[in-house]
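Put chain S on the given structure of chain P with help from the hints.
Protein chains in written order, with this note's numbering: chain P, 1 to 281; chain S, 1001 to 1274.
Derived by calculation from the structure, the hints in this document are not laboratory data. One thing to keep in mind: the hints can contain errors.
What the hints assert, rightly or not - Distance windows between CB atoms, simulated:
no. : chain 1 : residue 1 : chain 2 : residue 2 : range
1   : S       : I1021     : P       : S155      : 51 to 59 Å
2   : P       : L186      : S       : F1019     : 38 to 46 Å
3   : P       : Q88       : S       : P1004     : 54 to 62 Å
4   : S       : A1079     : P       : S155      : 25 to 33 Å
5   : S       : P1086     : P       : N101      : 25 to 33 Å
6   : S       : R1011     : P       : Q197      : 56 to 64 Å
7   : S       : G1078     : P       : D147      : 29 to 37 Å
8   : P       : R123      : S       : F1123     : 54 to 62 Å
9   : S       : F1174     : P       : Q88       : 23 to 31 Å
10  : S       : R1095     : P       : K86       : 47 to 55 Å
11  : S       : P1086     : P       : R123      : 12 to 20 Å
12  : S       : L1050     : P       : S154      : 39 to 47 Å
Keep in mind it's a predicted model, so treat the numbers as computed, not measured. Even glycine gets a Cβ: it sits at the ideal position worked out from N, Cα and C.
Chain by chain, the residues run as shown.
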Amino acid sequence: MNMEGAPKSRRGAIRIEAATKVYGDSKSGVMAVDRCSFEVPAGEITMVVGPSGCGKTTLLNAIAGFHSLTSGSIYLDDELLCGTSKPQSVPGPDRVVVFQNGALFPWKTNIENVAFGPVMQGRMSAREAREKARVMMDESGLIGVHDNYPGEISSGMRRRVEIVRALINEPKVLLLDEPYRALDSLTKSVMHEALLQTCYRSHVTVFFITHDLEEAIFLGDQIVIMTSRPCKPKKLLKIDLPHPRDYNILTSKRFRELMDETMDAVNEEAIKAFELGEREG
Amino acid sequence: MRIPTPRALTRGIISIAIFLICWELGARSGQLFGVKVPVISAVPAPSAVLAAWKALLGNHGYWQSWYLSTLRVLGGFGAAMLVGIPFGLLLALNRFVYQIAFPTFEVLRPIPPLAWVPAAILFWPTQELSIGFITFLGAFYTIVINVVGGARDLDSRYIQSAYAMGASRSDVFFRIILPATLPSIIVGASVGMGITWEVVVAAEMISGGGSSLGGAGMSGGTGGGLGFFIWNSYTGGSYEQIIVGMISIGIAGYISSSLIRLLGQLLTPWLKSR
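Bound-form chain P, shown alone:
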């Protein structure tokens, strides 16, 4: 496939149509997602912002193939991922997930973790995968930690290893579920810049769940603000800040304007969720 000339819209574009998820039976069940529809453009970073417990993780799990949908459909590059005829999609390396608390395998070294995907898919031999892992880890600034165990490095580095582990599979979509939630804000800003660098290099489509509005505006090409449970898009905004971005943009006039436009919507839903007593997913 010729990536140079091919239109970007064909690689990793997600279309969510009236997705609904009810846990339990229809009478007494809990509705997590309510007729949610929006589009995730290929090659761009879409930030999904909403209060804790609103159902955004359920949506991500449906795209990834970990949960089924009760109704509605999700398409990846115009192909059906899951829908009425097929309520649950199959997990696969075209849609890799990076979780909130990190899911690096503690019993493997960092480089073994990164090399895991290609070996499992039979795309590369163990040695080739290791070599590619080494190159990609060095590119991302993860030098010297190849043979350490995840438990021996800082959580910031662990998160970066996990992202490399996801990207080595050349996925169409990178699904991130509040990956930086547990990091302190200094580490977070380093992570943000590193993530942007990675995205500039790989053009992967990103679906990033967060509750942090600043993070969302800084990273995103598009923000989808979700209502509290059951979630559906409340407000959709294109972020027209120029790329490449660095932390100086946080104090720019345009950044503050965007915060202004979005803060009220986010706050409203946050208060609703608080009153409902939502727990984090």
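Only chain S this time, still in chain P's reference frame:
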């Protein structure tokens, strides 16, 4: 194991020395003071125990007791691992098997292995198999419970990530579930090993330890394992040998538990960093 500081070491040595001295004085109180201290004066003195032990070191029968008990422990423990680990994994991973087998397992588990002794003697054709069965039970329950706990506590996100990255079901079992459960298996094995020694000793005492490998015919009857050795020393009136037997078992248990712990550390290098 961390090396104790010099101060801790000194205090430890002093406390053991004081213990031994009190024991020696108490045991010989009749001779030394003319007044017998209650309880302790009936116990053989450490010096007498040491003398008896020296005499036993050259006795073939004594070492054969060691050999027989160790054989039983290895047999029972080994069987418990071979059966318990797969059984535990099956229970944890297959809901159907769990719902069928676990209730029965849980009903039987509260029965102490030693309570099985008469039943075991009835059911099993040979005495050796009876003892083996009881030592098996001791370790089996512990290993299964630990394996089930470890496998169920597995963070489902490891499995989800593995599937997302293209792993097959057998990949997930061998590369995710097994390594993740390994720490629990090792805990089960360590505890199970201790229980096995307890049970072997008691089983030997109760069932008479009579295997066809006979004793050396010495007074105090050796052969039939360390538990039998203790019991025989009691009935034969060699009270110092009782204490020798007790300490021998303690040493044997300690060595086997340490070996398991060491093996565990070798198999789980990633836990060092926690």
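request  = Could you check the hint for me, namely that A1079(S) and S155(P) are 25 to 33 Å apart, CB to CB?
outcome  = Violated - the Cβ-Cβ distance for A1079(S) and S155(P), about 43 Å, lies outside 25 to 33 Å.
request  = Confirm or reject the claim that L186(P) and F1019(S) have a C-beta distance inside 38 to 46 Å.
outcome  = violated, 55 Å
query = Quick one: are P1086(S) and R123(P) within 12 to 20 Å, going by C-beta?
reply = violated, 32 Å
ask   = Is 51 to 59 Å a correct range for the gap between the Cβ atoms of I1021(S) and S155(P)?
value = holds, 54 Å
Cβ separation of P1086(S) and N101(P), checked against the hinted range 25 to 33 Å = holds, 31 Å
Beta-carbon spacing of R123(P) to F1123(S) - inside the hinted bounds 54 to 62 Å or not = Given range 54 to 62 Å: holds, Cβ gap about 55 Å.
request  = Look at the Cβ atoms of F1174(S) and Q88(P) and judge whether their distance stays inside 23 to 31 Å.
outcome  = holds, 25 Å
Whether the CB-CB distance between L1050(S) and S154(P) falls inside 39 to 47 Å = violated, 55 Å
ask   = In this structure, is the beta-carbon distance linking R1011(S) and Q197(P) contained in 56 to 64 Å?
value = Given a distance of about 57 Å, which is inside 56 to 64 Å, the answer is holds.
task = With respect to the beta-carbon atoms only, verify the hint that Q88(P) and P1004(S) lie 54 to 62 Å apart.
result = This hint holds: roughly 57 Å between Cβ atoms.
inquiry  = Against the range 29 to 37 Å, how does the distance between the Cβ atoms of G1078(S) and D147(P) compare: consistent or not?
reply    = holds, 34 Å
key: Range hint compliance [Cβ, R1095(S) to K86(P), 47 to 55 Å]   = Roughly 24 Å apart at Cβ, these two residues miss the hinted range, so it is violated.
Hint compliance for this structure: hints 2, 4, 10, 11 and 12 are not met, and every other hint is.
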